[in-house]
Structures are given as C-alpha cells and as structure tokens.
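Asks: Chain residues, written in single-letter form:
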Amino acid sequence: MKNQSVTNNIDWISIIIYALLVILGWLNIYSSSLSSMEDTYEKQLIFIVLTIPLIFVVLSVDGKFYEKYASIIFGISLLTLAGLFLFGKTIAGQRCWYAIGSFTIQPSEFAKAATALALAKYLSDTQINLKDVARQWQALAIIILPVLLILPQPDPGSALIYSIFIIVLYREGLPSWYVWTGFVTIFLFVLTLVLEPQYVILIGLAVIIIVHFKSRLADRNIVLSSILFVLISGFVFSVDYVFDNVFKQHHRDRFNILLGKTVDMKGIGYNTNQSEIAIGSGGWFGKGFLEGTQTKGGFVPEQHTDYIFTTVGEEWGFVGSLAVIALFAGLLLRIIYLAERQKTKFSRVYGYCVAGILFMHFFVNIAMVVGIFPTIGVPLPFFSYGGSGLWGFTILLFIFIKMDANKVNEW
Amino acid sequence: MRKVLLPSLIILATSLLVMRIFYLQVVDDTLKLKSENNAIKKKYEYPERGYIYDRKGKLLVANQASYDIMVIPREVKKIDTLEFCQLLNITKEAFIKNIKKATIYSPRLPSVFLSQLNKSEFAAFQEKIRKYEGFYVQKRSLRDYEVAFGANVFGFITQVNEKLVDKNPYYNSGDLIGRQGVEESYEDLLRGIKGVKYIQKDKYNREIGSYKNGKYDTIAVQGEDINLTIDAELQKYGEELMINKRGGIVAIEPSTGEILALVTAPSYDPGILVGRQRSKNYTELYRDSIAKPLYDRGLLAEYPPGSPFKILTGLVALQEGVIDENTTVSCNHGFSYARGRFMRCHCRGGALQLHRGIYESCNSYFATAYMKTINKYAKPAQAVDVWSNHIRSFGLGQFMGYDLPTGKRGKIPDSKTYKRIYPNGGWRSTTIISNSIGQGEVVMTPIQLANMMATVANQGYYYTPHIIKRIEGHTIDKKFTTKHVTTIDKKYFKPIISGLFDVYNMGTASALKVEGIDICGKTGTAENFAKIGGQRVQLKDHSIFVAFAPKDNPKIAIAIMVENGGFGSTIAGPIASLMIEKYLRQKITRLDLEKRILATSLQSQYAKLGGLSEAVKLQLRISDSLLKKKTMIPTAKVKIDSTKEKKQAI
Chain U
1 MKNQSVTNNI DWISIIIYAL LVILGWLNIY SSSLSSMEDT YEKQLIFIVL
51 TIPLIFVVLS VDGKFYEKYA SIIFGISLLT LAGLFLFGKT IAGQRCWYAI
101 GSFTIQPSEF AKAATALALA KYLSDTQINL KDVARQWQAL AIIILPVLLI
151 LPQPDPGSAL IYSIFIIVLY REGLPSWYVW TGFVTIFLFV LTLVLEPQYV
201 ILIGLAVIII VHFKSRLADR NIVLSSILFV LISGFVFSVD YVFDNVFKQH
251 HRDRFNILLG KTVDMKGIGY NTNQSEIAIG SGGWFGKGFL EGTQTKGGFV
301 PEQHTDYIFT TVGEEWGFVG SLAVIALFAG LLLRIIYLAE RQKTKFSRVY
351 GYCVAGILFM HFFVNIAMVV GIFPTIGVPL PFFSYGGSGL WGFTILLFIF
401 IKMDANKVNE W
Chain G
1 MRKVLLPSLI ILATSLLVMR IFYLQVVDDT LKLKSENNAI KKKYEYPERG
51 YIYDRKGKLL VANQASYDIM VIPREVKKID TLEFCQLLNI TKEAFIKNIK
101 KATIYSPRLP SVFLSQLNKS EFAAFQEKIR KYEGFYVQKR SLRDYEVAFG
151 ANVFGFITQV NEKLVDKNPY YNSGDLIGRQ GVEESYEDLL RGIKGVKYIQ
201 KDKYNREIGS YKNGKYDTIA VQGEDINLTI DAELQKYGEE LMINKRGGIV
251 AIEPSTGEIL ALVTAPSYDP GILVGRQRSK NYTELYRDSI AKPLYDRGLL
301 AEYPPGSPFK ILTGLVALQE GVIDENTTVS CNHGFSYARG RFMRCHCRGG
351 ALQLHRGIYE SCNSYFATAY MKTINKYAKP AQAVDVWSNH IRSFGLGQFM
401 GYDLPTGKRG KIPDSKTYKR IYPNGGWRST TIISNSIGQG EVVMTPIQLA
451 NMMATVANQG YYYTPHIIKR IEGHTIDKKF TTKHVTTIDK KYFKPIISGL
501 FDVYNMGTAS ALKVEGIDIC GKTGTAENFA KIGGQRVQLK DHSIFVAFAP
551 KDNPKIAIAI MVENGGFGST IAGPIASLMI EKYLRQKITR LDLEKRILAT
601 SLQSQYAKLG GLSEAVKLQL RISDSLLKKK TMIPTAKVKI DSTKEKKQAI
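Just so you know, the sequences run in chain order U and G.
Residue numbering for the first sequence follows UniProt numbering, starting at 1 and increasing by one per position.
Residue numbering for the second sequence follows UniProt numbering, starting at 1 and increasing by one per position.
It is worth saying that the hints were derived from the structure and are not from the lab.
Using N, Cα and C, we set each Cβ at its ideal position, and we do this for glycine too.
Errors might be hidden in some of the hints.
[Claimed, not checked] Cross-link-like lysine-lysine pairs, in silico, DSBU-like; alpha carbons within 30 Å at most:
| id | chain 1 | residue 1 | chain 2 | residue 2 |
| --- | --- | --- | --- | --- |
| 1 | G | 411 | G | 197 |
| 2 | G | 194 | U | 287 |
| 3 | G | 3 | G | 41 |
| 4 | G | 411 | G | 376 |
| 5 | G | 236 | U | 287 |
| 6 | G | 513 | G | 479 |
| 7 | G | 43 | G | 236 |
| 8 | U | 343 | G | 163 |
| 9 | G | 478 | G | 58 |
| 10 | U | 407 | G | 3 |
| 11 | U | 287 | G | 608 |
| 12 | U | 345 | G | 194 |
| 13 | U | 287 | U | 214 |
| 14 | U | 287 | G | 376 |
| 15 | G | 478 | G | 419 |
| 16 | G | 3 | U | 68 |
| 17 | G | 41 | U | 64 |
| 18 | G | 540 | G | 494 |
| 19 | U | 287 | G | 478 |
| 20 | U | 131 | G | 3 |
| 21 | G | 42 | G | 167 |
| 22 | G | 408 | G | 531 |
| 23 | G | 42 | G | 163 |
| 24 | G | 479 | G | 56 |
[Unchecked claim] Computed footprint of chain G on chain U; a stretch qualifies when at least three of its residues, placed anywhere within it, have a C-beta under 8 Å from a C-beta of chain G:
| id | segment |
| --- | --- |
| 25 | 14 to 23 |
| 26 | 70 to 80 |
| 27 | 294 to 301 |
| 28 | 372 to 383 |
[What the hints assert, rightly or not] Just so you have them, the derived chain U footprint on chain G, three or more residues with Cβ under 8 Å:
| id | segment |
| --- | --- |
| 29 | 2 to 8 |
| 30 | 12 to 26 |
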C-alpha cells in the first residue's frame with residue numbers, strides 16, 4: 001500500500017516539540033534583535049517560513065531514497081566542504097561559508113546529516129561487525145573525514161560535535177574501552193589543566209597500584225599496569241605541552257577562565273561574564289518578554305546566534321529556561337525511543353546519530369552560555385539565528401521522521 | 001547497557017545544566033545587581049535650592065547659573081591648547097593635569113574638566129566651544145549671595161562626603177549638600193527632592209532611551225523658600241562693628257525667641273565659597289585654627305559669664321527668700337568670706353542694697369546672697385541642686401534646642417559636679433562662692449547669655465531661640481512657639497530690672513546712654529589665659545555686655561562678647577548700645593562712638609596668640625567679611641545687565 005499523504009504515520013510529538021522550539025527561538029531572536037540595527041528577526045522569519053516547503057520535500061521523498069543514495073549524499077557533502085578552501089567566504093576569520101549574492105550558506109551544517117546517513121548506511125550492512133578492528137577503523141574514517149575538512153576552516157565547534165558518533169558506534173557494538181578511554185582522556189585532560197601534571201601522574205599511579213593489588217592474583221599483570229602508567233604519564237605531559245605550546249593564547253584563555261584560573265571581566269572573559277549576568281539577572285520568572293535590560297543594551301555578544309539562550313534566561317527566568325531545557329531533553333529522549341523501535345538497522349543508527357548530534361549542540365551550547373564549558377562556537381538547534389543551521393537541523397530531524405513514518409512499509 | 005548510555009548522558013547533562021542555571025538565577029543574587037549597574041543608568045534632575053530671605057522679606061541668598069566644562073577624553077581632538085588655556089584662564093600644566101585625571105577616571109565617560117565657571121568666564125569660552133571637540137558645557141545651579149555678610153548664619157554648600165552617601169540613600173556621590181548654618185539645619189526643605197530618570201544603556205554605555213517608558217521616573221520637587229528671623233540691617237551692622245575684633249553677638253526678640261542677629265567675628269564673605277576658588281578658599285578658612293573664621297562664636301564659644309550672672313544669683317536668692325530688696329550688705333572694696341579668703345570688689349563701697357548692688361556690680365553683695373542661698377539648706381549638696389534647678393530653668397547648662405546645627409551645652413554645676421571635683425566631700429558654700437559672680441564652674445555661650453536677658457526682659461519666661469521665621473507652605477516647629485517658664489516668680493524680676501536700668505543711669509555703663517531709649521544692661525569681664533611659648537600668660541580680659549530694651553515692652557535682648565576687649569564698658573557695652581539703637585531707630589545718633597568702635601582694632605592683642613599675619617590674611621582674602629569685600633578680586637558674581645544688552649540690540 002502506497003502512502004496517500006506525506007503526513008501519514010509521522011511522529012507528531014517530535015514535530016510539535018520542534019515547532020515549539022522554532023517559535024520560541026524566533027521570539028527570543030526578535031527580542032535580542034531590538035538592540036541592534038540589523039533586522040535579524042525578519043530574516044529568521046523568512047528562514048522559518050522556507051522550512052515548510054523544505055519539510056514537505058524531505059517528507060515527500062521516498063523513504064528508501066536516503067538509504068540508497070547515502071554514499072552519494074556524503075560524497076557531495078565532502079566536496080562542498082573541500083570546496084570551501086577554494087571558493088569559501090571568510091567571515092570573522094572563519095572560512096566556512098559560500099556566498100551567493102548577499103546570501104551565505106554554511107555547508108558544515110548539512111554535513112552532519114550526510115555523515116549520519118553515511119555512518120548508518122555503512123553499519124546497516126549485515127556483514128559489518130564492530131568487534132573487527134578493521135571495521136572499527138573504517139567506521140571511524142567516515143567520522144574523521146568531514147572533521148579533517150572542518151577543523152582547518154577553522155571551526156572547532158562543529159568538529160567537536162562529531163565526537164558523539166563514538167557513542168553511536170558503541171551502541172552498535174564498538175568495544176567499550178573506546179568509550180572509557182574517551183572519558184578517561186577527557187577527565188585527565190581537565191585534571192591536568194586544573195592541577196600540575198606531576199600531581200595528576202601521582203594520582204594516576206596511586207589508582208593503578210590500588211587496582212593492581214585489589215584485583216585477583218591471576219589477573220595481576222605488572223606489564224599491563226606499567227604500560228598503562230607510561231601511557232597516562234605520556235598523555236598528561238603531552239597535554240601540558242600541547243596546552244602551553246600548540247594551543248593559541250585565546251584557546252588557553254578560554255580554558256583558564258572556565259577553570260577560574262584567570263579573572264578577567266572586560267577582556268577575554270567578557271562574553272561569559274556578560275552572559276552569566278544576563279541569565280543570572282532573570283531570577284525565578286524573568287523580566288518579561290522584551291523587558292531584558294541586558295538584552296536591550298546589547299551587552300551579550302552574538303546574542304542572537306550562539307548566546308541566544310541568555311535571552312531566555314533573562315526574560316523568562318528560571319521557569320522559562322527549565323521549560324526550554326525540558327523541551328530539548330524531551331525531544332532527544334523521544335528520538336532515542338523512536339530509534340530503538342526502528343525495524344531496520346539503517347534507520348536506528350541514523351536516529352541515534354540525530355539524537356547524538358542534537359544533544360551535543362544542545363549541551364555544549366548551553367554549557368558554554370552558563371559558563372561551565374569553554375567558549376566555543378556551537379549554535380543552539382532550532383533556536384539560534386541562521387538559515388543554514390535551521391535548515392541543516394530541520395533536514396537532519398525530518399529525514400528521521402520520514403524513516404520512522406516509513407517503518408510500516410518495511411514489512 | 002549499550003542502549004542506556006546515550007539516554008543517561010542526556011539526563012545527566014540536562015540535570016547539570018538545570019543545576020547551574022538554578023544557581024545563577026536563584027541562588028547567586030550578585031548577578032542581578034551587576035545587571036542593574038550594567039544596563040540601567042539613573043539620571044538625576046536637580047531642583048533649584050530654595051531662596052533665603054530675612055525677616056522683612058529682603059532676599060539674602062538666591063541661585064545663579066554656573067557652568068561646568070565637561071570633557072570626554074577619548075573624543076578630544078587636536079586643539080589649540082594655548083588658546084584654550086587662555087580662554088579659561090588656566091595654565092598648561094593644569095590643562096594636562098585635568099585631562100589626565102579625567103582619563104584615569106574613564107576615557108569614554110564625561111568628567112568635570114573645570115567646574116563652577118560664572119557667566120562672564122563662560123561667555124568668552126562659549127563662542128569657541130565648537131572648536132574643541134570632546135568638551136561640552138553642563139549648566140548647574142549654585143548659590144548666589146546677595147549680601148556679603150551672614151556667612152555663619154547661612155552656612156555653605158559643598159559636596160556630600162562618602163560617609164553620608166553610605167548612610168543616607170538620598171545622596172549620591174558628587175551631590176551637593178548644605179553644611180553649617182541654615183543650609184544644614186533646613187537642608188531637607190531647601191534642597192527639594194531630586195527627580196530620577198531611568199535610562200537604558202547599551203554595551204558602549206550609550207543611552208538608548210528611557211527604561212520602561214519612564215514608568216519609574218520621578219519629577220524633581222523644587223526646594224522651599226524660607227524667611228529667617230534675622231534682620232539683615234542689624235546683622236550687617238553687627239558684623240561691621242566687629243571688624244578687627246574676635247567674638248560674637250546674639251540678639252533675640254524676647255517676645256518670640258526670634259534671633260535678630262547672630263554675629264561671629266572674624267567671618268568671611270559667603271560668596272568666596274562659590275566658584276572656581278571655593279576649595280582653595282575653604283582650605284584657608286579651615287586651616288586658620290587660631291582666628292577660626294568657620295567657628296561660630298555666638299553659638300559655640302563658652303566663657304565664664306562674669307558679672308551678668310549676678311542677675312541670676314540675685315533672682316535665685318530672692319526666690320529662695322534669703323534676701324529681699326532691702327537686705328543690706330556692707331562692702332569694703334571686697335568681701336572676706338572665710339578666714340584668709342578675700343574677694344575683691346570694684347564698687348564704690350559702703351552699705352548696699354540690691355538695687356545699687358546690681359548697677360555697681362558689687363561682688364560682695366552677690367557673694368553674700370549666694371552664701372545665704374546655699375546655707376539655707378542643711379547640706380550644701382542639696383542647696384546646690386536647688387540653685388542649679390533654678391538656673392537651668394533659664395535654659396542654661398543644656399542644649400537649647402535651637403535650629404542651627406552647632407551648639408554647646410555650657411556648664412551649670414550641681415552636686416554631682418562637686419562630688420566629682422571633691423570626691424572626699426568637705427566642700428561648702430565658701431568653696432564654690434565664685435559661682436555667685438559668674439566664675440568658678442559656670443560657663444555660658446553668647447546665645448545663652450542673650451536668652452537669659454530675653455527671659456529677664458519677659459520677667460520669667462522665654463521661647464526657644466530660633467532662626468526660622470516662615471517656610472512657604474509649612475508651619476514652623478511647635479517647640480519654637482512653646483513658652484518655657486522659669487522657677488522664679490514674676491515679682492522678683494522687677495527690682496532686678498530696675499537695677500539693670502540704672503546700670504545706664506548711674507552704673508558701669510552710664511556713659512553709654514541712648515537718649516530716648518530705656519536700656520537695661522549689665523557689663524561683664526572674664527579673665528582669660530593662654531599658653532604662649534609654653535608659658536601661661538594672662539591676656540586682656542574678655543569684654544562682655546548683656547542688655548535689653550526698651551525697659552517696658554522689650555523688643556530686643558542682646559549679648560556681646562569681645563575676646564580680649566577689656567572691661568565690659570569699653571567695647572562690648574558700646575557695641576550693645578549701638579546695636580540696640582540701630583534696631584529700634586534704624587539710625588545712629590552717636591556718630592563719634594560709632595566711629596571709635598569701627599576704628600578699634602584688637603589685632604595687636606590677637607597677634608600675641610600667633611597665627612597668620614594681617615598681610616597674609618589679606619592676601620588669602622580671609623579677614624573680616626566686609627573689609628575683605630573691598631580687597632578681594634571678584635570671583636563669583638558678575639551681574640550682566642540684561643536690559644542694557646537688549647537696548648543695544650534694538
């Protein structure tokens with residue numbers, strides 16, 4: 001039986017949350033744009049209106065299309081990323097836009113969906129077993145390829161998002177030590193920045209010794225423990241070295257401010273400080289729509305893009321912030337729930353990728369805005385100003401909604 | 001396990017964000033405050049201060065426009081510094097210093113470059129101001145003194161100090177406030193209430209409009225005009241008479257307690273504390289710790305009152321019934337009140353009754369009366385308390401509660417005082433006999449002396465002295481219209497007043513009679529000492545005089561104190577009689593006396609105390625207020641005759 005309508009079987013819960021987030025996002029962009037001369041809210045309204053035909057197209061395409069052409073889509077996406085080096089337009093030091101007249105488009109916003117498709121396609125092959133080291137490397141290669149093209153733009157924020165694919169691979173059978181290594185690495189990295197490297201190594205040594213002697217005699221492996229110790233020491237010192245010698249000063253500053261090592265309210269710490277002030281001044285119920293004094297004064301830089309959440313915090317208070325966060329968490333959990341009930345591995349992996357990508361954006365963005373993550377340019381999905389972002393996320397989400405609607409046809 | 005990781009991460013991360021946001025928005029309130037400082041600017045609108053008039057409605061203190069040159073250092077372009085400095089009459093060093101100071105405060109916020117320029121100083125600059133980018137002019141309202149006297153009465157306007165800013169939420173750093181005089185005591189009425197406008201700022205500190213459409217804005221309330229009880233002519237005359245002398249004059253209208261004149265010398269022209277030289281001038285006034293031009297001697301200087309106190313000694317003795325009009329005391333140029341103790345007396349001697357005792361100011365008579373009063377009671381402690389209560393009923397030995405910001409209690413001893421001095425007891429009437437003639441432990445201020453005379457003039461009651469006559473739209477404090485009745489019966493005042501009247505006819509002030517005015521008065525002389533070069537030196541006595549007039553239906557009670565002026569009748573007495581004549585007749589008949597007093601200078605006496613030489617003081621323009629007027633370079637006031645200009649324009 002062929003579908004009569006594009007709306008058949010689609011998941012209305014996800015769509016309603018999506019619509020709410022887009023509308024709330026626009027209201028906040030409207031509020032924050034009053035302080036500037038630019039008519040960002042009008043442009044965003046056009047972007048939003050244009051998502052309707054876009055959604056229609058995405059839902060109209062045959063469900064099989066995405067699986068069939070995943071590799072081609074991925075290939076085109078990589079080409080557009082690579083093309084930036086030749087034809088890209090540089091804005092604020094970042095070469096990640098194509099300019100068509102006054103209109104700019106950011107291919108990295110679409111590359112995430114393409115990568116997700118490619119990864120889903122690769123893993124959906126029944127031959128693939130992620131216990132196989134060669135398969136592991138091939139899967140990682142799909143993730144790393146776009147990252148290598150995005151990093152030099154430079155756009156570390158977008159590149160960072162791709163790390164979530166490790167979790168997707170883990171869901172599909174990647175050995176757990178990858179994930180744990182990842183977590184331990186992050187933990188050691190932060191610890192090294194907070195403490196002196198020698199203390200971190202001492203702590204590492206203590207942990208290894210305890211684990212070594214606590215484990216059963218038969219499991220004790222002095223060689224493995226020693227290697228582990230050497231690895232940790234090497235990592236810690238290289239972090240120290242990289243931080244001091246490879247990182248640029250502004251990277252170091254961002255970390256130092258986050259860790260409270262430097263206090264600087266006017267210079268490099270200005271963004272975070274102003275955004276905390278704006279959010280903090282909201283109190284329980286906020287100052288009311290269009291009443292935010294920080295928003296009106298334009299104190300928070302990039303407020304309509306990466307710092308859009310400050311408007312929520314200031315004008316809608318804790319209650320409003322909680323509501324927005326709840327909407328995001330609800331959408332993410334809903335997508336995971338939908339992914340788990342997919343009949344095909346392809347659409348399950350893809351759904352997982354969608355949840356992961358949205359989660360990374362959501363968490364990294366708000367964590368940065370509230371001052372618990374270093375300053376890094378990552379937009380808040382559906383909220384932040386920008387056509388590429390909005391359309392990229394919309395396509396990402398609606399491809400999955402289409403797959404979910406289509407699952408009945410798999411039988 | 002593999003299915004749970006991502007949902008767990010999502011829930012964990014979400015909780016983390018919620019906790020952080022909860023901390024920022026609900027727990028930590030410092031951010032809220034920061035946000036207000038950040039984005040909202042309060043702009044104040046300062047009302048004009050109320051005018052000050054004298055009792056007859058003569059304008060004494062008004063306001064004038066003044067101009068502050070403001071600078072925004074960042075916007076200052078290359079300018080012709082030489083011409084700029086010439087226009088404003090400043091040195092290049094001062095220019096550089098001021099710019100530097102402003103830059104340190106903030107390169108992009110306006111700060112005061114040069115403050116309180118008057119119209120003529122500003123006029124020259126105004127024409128060229130467009131040439132100087134980064135500079136602009138802010139108009140302010142400052143005091144404009146219509147008279148060159150009364151500085152101690154008015155007080156002055158100054159910037160509020162940081163301590164008060166912390167304590168009183170009305171004031172902000174940099175606000176102006178009245179200090180001393182009526183500017184201080186009626187500050188709340190005179191200043192009005194400033195208006196507030198809330199302005200939304202942006203991140204560049206630019207103003208981008210009113211906050212919430214002015215929902216919280218308030219409008220400034222104009223300051224109230226006030227009338228003082230001061231008689232401008234009398235005040236001016238008093239200050240003229242005190243030229244080259246130090247001391248105070250207080251004149252009170254007995255029937256109301258209104259202060260007619262409050263003179264302190266030396267004083268200064270109130271106008272010197274306005275304008276560009278004000279802080280320099282103030283520093284000089286403040287630093288002169290010997291002549292103390294900022295010290296209101298009429299209110300603050302405590303002296304042993306000397307002979308005028310005999311009036312009270314007599315009244316208490318009459319009230320206690322230990323003497324009557326006919327009680328006779330024999331005086332042999334002094335009084336041997338105990339074995340080996342002798343109090344000298346300048347009276348003509350012989351057998352005296354109360355009447356002659358007063359007009360000849362006989363020490364023996366009042367020492368006897370005082371001893372009788374104290375000895376009436378079994379214990380001297382009890383007696384002294386009775387006596388002390390009588391004296392205190394005249395408002396002495398305590399703050400009087402008048403409406404000027406400074407005052408002294410004076411001192412009227414009681415049994416506690418002597419318990420402190422003689423902890424082992426053993427004191428008797430003879431020990432404390434100096435009190436009888438206003439020495440010993442008795443200390444009074446000139447305003448207390450004047451109030452004492454007002455009470456005598458009223459025959460037993462007084463109103464708390466006050467300087468406020470009328471406030472537009474308000475009634476004056478009830479405590480100034482409440483009668484205070486003394487413990488002395490009215491009938492006892494008659495013989496005393498009669499004696500005081502004959503002070504002018506037959507007594508110590510007989511040379512000072514004013515034809516046609518019945519004056520009752522009393523001379524006084526107070527010994528004083530100073531430490532000069534480590535040695536205690538007796539200086540010339542302070543000259544004291546108290547009086548009221550006319551005898552029947554008194555209109556003025558007055559106390560004069562001239563430091564180191566000698567006998568009461570030589571300087572203080574003449575000044576009192578001239579003041580009374582001036583007030584009652586508005587005209588002086590005894591021009592020779594006036595001329596002599598005006599010409600009297602005690603500066604050679606004061607020079608012994610050290611301090612600044614006259615030449616230096618003249619240069620610093622702090623000298624007696626009216627003298628200085630002639631020598632000072634005009635700083636603040638240049639009145640532009642607007643009608644003239646208009647005519648020329650036509």
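Asks: Which hint numbers doesn't this structure obey?
Replies: Numbers 1, 3, 5, 6, 7, 8, 11, 12, 13, 14, 15, 17, 18, 19, 25, 26 and 28 - these are the hints that the structure violates, sorted from lowest upward.
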